[in-house]
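For the sequence shown, my numbering begins at 132 and goes up steadily by one.
By construction, these hints were calculated from the structure, which means they are not laboratory data. It is possible that part of the hints are untrue.
Derived BS3-like pairs: lysine-lysine, alpha-carbon spacing no greater than 27 Å straight-line [stated by the list, open to error]:
| # | residue 1 | residue 2 |
| --- | --- | --- |
| 1 | Lys-943 | Lys-287 |
| 2 | Lys-907 | Lys-287 |
| 3 | Lys-418 | Lys-339 |
| 4 | Lys-1323 | Lys-323 |
| 5 | Lys-268 | Lys-410 |
| 6 | Lys-1323 | Lys-1142 |
| 7 | Lys-298 | Lys-243 |
| 8 | Lys-486 | Lys-943 |
| 9 | Lys-1318 | Lys-1034 |
| 10 | Lys-287 | Lys-268 |
| 11 | Lys-448 | Lys-371 |
| 12 | Lys-486 | Lys-591 |
| 13 | Lys-268 | Lys-245 |
| 14 | Lys-1323 | Lys-298 |
| 15 | Lys-1127 | Lys-1034 |
| 16 | Lys-245 | Lys-287 |
| 17 | Lys-903 | Lys-917 |
| 18 | Lys-907 | Lys-339 |
| 19 | Lys-1017 | Lys-943 |
| 20 | Lys-852 | Lys-591 |
| 21 | Lys-418 | Lys-513 |
| 22 | Lys-1318 | Lys-1127 |
| 23 | Lys-1312 | Lys-1323 |
| 24 | Lys-903 | Lys-371 |
| 25 | Lys-943 | Lys-1323 |
| 26 | Lys-943 | Lys-907 |
| 27 | Lys-448 | Lys-513 |
| 28 | Lys-1017 | Lys-1312 |
| 29 | Lys-339 | Lys-903 |
| 30 | Lys-212 | Lys-243 |
| 31 | Lys-907 | Lys-883 |
| 32 | Lys-486 | Lys-513 |
| 33 | Lys-903 | Lys-1034 |
| 34 | Lys-812 | Lys-907 |
| 35 | Lys-917 | Lys-852 |
| 36 | Lys-903 | Lys-852 |
| 37 | Lys-1036 | Lys-1312 |
| 38 | Lys-907 | Lys-410 |
| 39 | Lys-410 | Lys-339 |
| 40 | Lys-212 | Lys-287 |
No experiment lies behind these values; they were computed from the predicted model shown.
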Amino acid sequence: MWIQPEEVLLAGALWVSERANPFFILQRRRGHGRGGGLSGLLVGTLDVVLDSSARVAPYRILLQTADSQIYWNIACGSNRKEITEHWDWLESNLLQTISIFDSDEDVTTFVKGKICGLIAEEKRLQPGEEPEEDCGKFREAELKMRRLFRMPEEEKLVNYYSCSYWKGRVPRQGWLYLSVNHLCFYSFLLGKEVTLVVQWMEVTQLEKNATLVFPESVRVSTRHEEHFFSMFLNINDTFKLMEQLANIAMRQLLDNEAFAADRSLPKPCKTLKNVSALKRDLDARAKNERYRTMFRLTQDERLDGHTDCTLWTPFAKMHVVGQLFISNNYICFSSREEELCQLIIPLREVSIVEKADSSSVLPCPVSISTKNKMTFLFANLKDRDFLVQRISDFLQRTPDSCWGDTSPLSLIGQSAPTGSESVSKGRHYHAGLPTASRALLQLYQQEATEDLGPRAMKEKMKEEAWNIHFSEFGRGVCMYRTSRTRELILNGIPENLRGELWLLFSGAQNEMASHPGYYGDLVEQAMGLCSLATEEIERDLHRSMPEHRAFQNETGIAALRRVLTAYAHRNPGIGYCQAMNIVTSVLLLYCTEEEAFWLLVALCERMLPDYYNTRVVGALVDQGVFEDLTRAFLPLLYEHMQDLGVISTISLSWFLTLFLSVMPFDSAVLLVDCFFYEGIKVIFQVALAVLHDNMDALLSCRDEGEAMTILGRYLDNVVNKQTVAPPIPHLHALLTSGDEPPPEIDVFDLIKSSYEKFGSLRSDVIEQMRFKQRLKVIQSLEDTAKRSVVRAMMTESAFSIEELEELYCLFKAQHMTSCYWGSSSSAAERHDPSLPYLEQYRIDPVQFTQLFTALAPWLCGGHTPSLSARLFRILDQNQDGLVNFKEFITGLSGMYHGDMTDKLKLLFKLHLPPALCAEEAESALEAAHFFTEDATQESSFLSNPDIMGQQEVTSGEEGQDGGGDSEEKKEEKVKDYRYYLRMWAKEKEPKRETIKDLPRMNQEQFIELCKTLYNMFSEEPLEQQLYHSIATVASLLLRIGEVGKKFNNGCKRTDSSQAPPAAQAPPTAQAPPTAQAPPTAQAEQEGPGEGVSDESRVCQALADAQLETDEDAKDDISVSSYSVVSSGSLQCKDIADDTVLIGGGEQRRGSVLDADWSITFEQVLASLLTEPPLVDYFEKKRDIQAKMAACKAQRAVERQISSASDHEFTQHSV
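Let the sequences and hints guide you as you build the complete structure.
Here you go:
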């Protein structure tokens, strides 16, 4: 390509000149191509170690002048062809012009201007492309990666690092390329080349460790091998990026959604050195994720920036040092000291932002006032003017809200329609519903008399403590959150405030405020729809806290149904999962319907990610994290519990229901209080505390059942002695092991103990452990799916277990590749997790063709895509344009493991509708003919008396059976129910297709079959014998078809009496070869009429197929092929001679086809049986192992050979 002219001082260093004229020199990098010797090896090593651009562009063109010692590099190329095109252009367009210049400076100026003009013209001709953000060095590295590892342009490089790859005990210095979907490494040292490509989807473990053998290294593990990389300049940054890319790959396996770059990312002010746009995108995503997690914000919130500052805290009368965060909808503050102070200010609540007077005590302050009369003072801001401007910009984009923040309950009923009462009553959800304005507990406790006992007084004291906290720290979203807030939560939230505070601390209140009316509209859309999720919801409705009176009537059940159905409609990826009903029923006790819905959204989509999808991946991940934490904190107990296999059994129900299903309700709800404030770490702390309290008893257990009994008894007796609500019976089995009543455990003591013993757990550490476990869990689930598929297919195919596993991996890889390298259909559309494993992954026709070409034993050169498309149409029984793994294996198994009849039957069907579509017919008239059912069926019955006879016999048998049935009816008036079951089973049983059920093949279809067969044999060792055989069979079948046609049309022709009746009898598969002689002889006695022209058509088709093959063949193609078929049109003369086909003058009349000509499958089969080469070919056992190995090698993205062939250079130089 043309490049901006660069100065080159030493033109001969490390380069070899290949062409030269008075003004230009074409050079090749020393060591590139053939030869090079030791100097070439040294140069190649230097290029790799120093990351020289010569590895990408080993050819260049220099501009030189006679008097100057300075050269100008004006073009570079990756191969000879490219650089030679540039050289030819220079010689033909510039050489004569610049030869008349008097001054060398004029020559240099003119050439440089011309090259810059060429570059500008190239950019102008590509207006659709966005301007490149990446620097030239990075684009060069991306080009190098694609060349070295043969990656398509869709594969984007994120970053690259210099490092060492440990191959055995020897480190190989080279470059690590991290792209969106692959980890690649390349090294070239003194002639030894190392190339490594690992798909991120194959990574099972990613660890950063330091040992004596591998100092400060990164270990990348897959299912079959481990790779170690070390000697990084900044190992922490590299490892974080590797984690992000592996995490993206796991999300692709889970959701089947391709990675999409963030197009809204602001452009940098200047091009960043060696930092790609994708790297900036991923860094921004990581920051956004941390920001959203820290402040419990919605998934679409994006951090705009952050800065150090101080916040004046009126409750403490001091300035707190921390960081201010600005995003599109929020202003947030977090103190440097953990839990000292945290603040969230939604922009919808902001009324005034102003710069306050600056002083030595309060430098650069900014005052922010909210609609509920709260004022926040930030100071020590570095760039106050810019900050105020950014906040003002975001405020202008924020829609005005008509409600304030003083009363969160004022949001209730916003989704109710504003129409008349009659319209409201017609909706499933409206303001008139009891659960639209009040929680279920409020509905069922309003009739109870006021309790003045000690528990009630304790509850009043809690409410008063919270009211004091509200007056001091604020109420609602803008409340200061401090360590005092956590103390109040650990002491228990009053029941009257529980719903409000759950909404506040979970972030659900922000989401509800920004989506008024959303829930009501969603309910209207979802109710009445029938799906798998709604069926499961209906089944579980009455299992949701049946012990509570709120769910013993239709009011509570209907509210639960609406919330679960609305969420299933909102998020069909999750739909409904067991345990969601238990959690949602608890939310409805303390919140209105709309509040419960948004709390469920916060739980499923942010606080418990992936917990409630079809495979409960999130819960399995946290189960693995819990095992790691148990090993770290309780190592003795961990070893014993692993032997019993208890941890994995107990922890799943604990995490999925937040202890609500295993602990008394009044106690478990206190854990939910802490969970909404602290997050998942509270659940881990309490789970560890439960194990710690029962350590001695668990260590003495001898089996899993005993351990489960101990833990069940313990959790059953965790009580809340401060509750004022009437006792709710706990339906969990009360497990006792003796007459002594088990001791009660106060839930407050359990929570306090968990904070004292395991309070050192940090959320960021848990997230790191989650990533490690996510790799294991998802890969384990993929292995389980593969084993299930293989077991299911073992009975339906003749492939071995190992072959099925390999085929499944290739099939799935083909599906997944389309996720990131594009396809004609979306991968997400082709993946349905609700389907059985056999049908989850599906491929479209393009992907099917790629797999067919790589794995099928029947390859037909240029005819292969057409054959693949026909097989796809046969396998795609539901005609949705997709084929699943089961269908794919069915087609492949028939080609590899079927007997000769099965293989020929499949080949025969590939040339009949629907496999042979109308577009593949030679003329529209013919296509319309053989796609018209009535005419085809009528001619089929007339021309095949065997089928008619068979039908007569069958009908006779049916008549006899019918007579038997009537006699039965006479004998017994009432039939046994088993009779009807047998009849129903007989109707449902699929009818096995026989060779007589296949329709007849017309002339055009037969010609296509002959083409396929010839192309199929073109690369076989016995090509000549097979071609002779197929020509013989084709001639034979043509005569059989002619005889059959004359017999069928005998009543219309006067000369039909010449054809003996025996001549048209269709041969069967069991008939000896001599049985075909009479029709052949009879056809030969006929003059050079239609029969000869039909043979001409077939022979011409074979000749055309031969010519198509010749164009793609190599120079050393077998001469025997030419001795058989000439390049002209052909005509069959004598099938007994060695030379079957010779040249003829008659051209094929493609537009005129014999509509009455047809043959049956039995005739094709019997004719093929007369030729031993064809019988041997179709009965030969094919081995798919070699095909799969070649396909895997191709998918391994091998290194591309960068050197061009020498004869290519010769062609250009001539």
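Here is what the structure says about each hint:
| no. | hint | verdict |
| --- | --- | --- |
| 1 | Lys-943 to Lys-287 | holds, 22 Å |
| 2 | Lys-907 to Lys-287 | holds, 26 Å |
| 3 | Lys-418 to Lys-339 | holds, 21 Å |
| 4 | Lys-1323 to Lys-323 | holds, 24 Å |
| 5 | Lys-268 to Lys-410 | holds, 15 Å |
| 6 | Lys-1323 to Lys-1142 | violated, 30 Å |
| 7 | Lys-298 to Lys-243 | violated, 47 Å |
| 8 | Lys-486 to Lys-943 | violated, 59 Å |
| 9 | Lys-1318 to Lys-1034 | holds, 19 Å |
| 10 | Lys-287 to Lys-268 | holds, 15 Å |
| 11 | Lys-448 to Lys-371 | violated, 40 Å |
| 12 | Lys-486 to Lys-591 | violated, 43 Å |
| 13 | Lys-268 to Lys-245 | holds, 24 Å |
| 14 | Lys-1323 to Lys-298 | holds, 22 Å |
| 15 | Lys-1127 to Lys-1034 | holds, 16 Å |
| 16 | Lys-245 to Lys-287 | violated, 32 Å |
| 17 | Lys-903 to Lys-917 | holds, 22 Å |
| 18 | Lys-907 to Lys-339 | holds, 16 Å |
| 19 | Lys-1017 to Lys-943 | holds, 12 Å |
| 20 | Lys-852 to Lys-591 | holds, 15 Å |
| 21 | Lys-418 to Lys-513 | holds, 21 Å |
| 22 | Lys-1318 to Lys-1127 | violated, 34 Å |
| 23 | Lys-1312 to Lys-1323 | holds, 22 Å |
| 24 | Lys-903 to Lys-371 | holds, 12 Å |
| 25 | Lys-943 to Lys-1323 | holds, 12 Å |
| 26 | Lys-943 to Lys-907 | holds, 19 Å |
| 27 | Lys-448 to Lys-513 | holds, 23 Å |
| 28 | Lys-1017 to Lys-1312 | holds, 22 Å |
| 29 | Lys-339 to Lys-903 | holds, 11 Å |
| 30 | Lys-212 to Lys-243 | holds, 23 Å |
| 31 | Lys-907 to Lys-883 | violated, 33 Å |
| 32 | Lys-486 to Lys-513 | holds, 13 Å |
| 33 | Lys-903 to Lys-1034 | violated, 49 Å |
| 34 | Lys-812 to Lys-907 | holds, 21 Å |
| 35 | Lys-917 to Lys-852 | violated, 51 Å |
| 36 | Lys-903 to Lys-852 | violated, 40 Å |
| 37 | Lys-1036 to Lys-1312 | holds, 17 Å |
| 38 | Lys-907 to Lys-410 | holds, 26 Å |
| 39 | Lys-410 to Lys-339 | holds, 20 Å |
| 40 | Lys-212 to Lys-287 | holds, 26 Å |
Hints 6, 7, 8, 11, 12, 16, 22, 31, 33, 35, 36, counting from the list given before, are not met by this structure.
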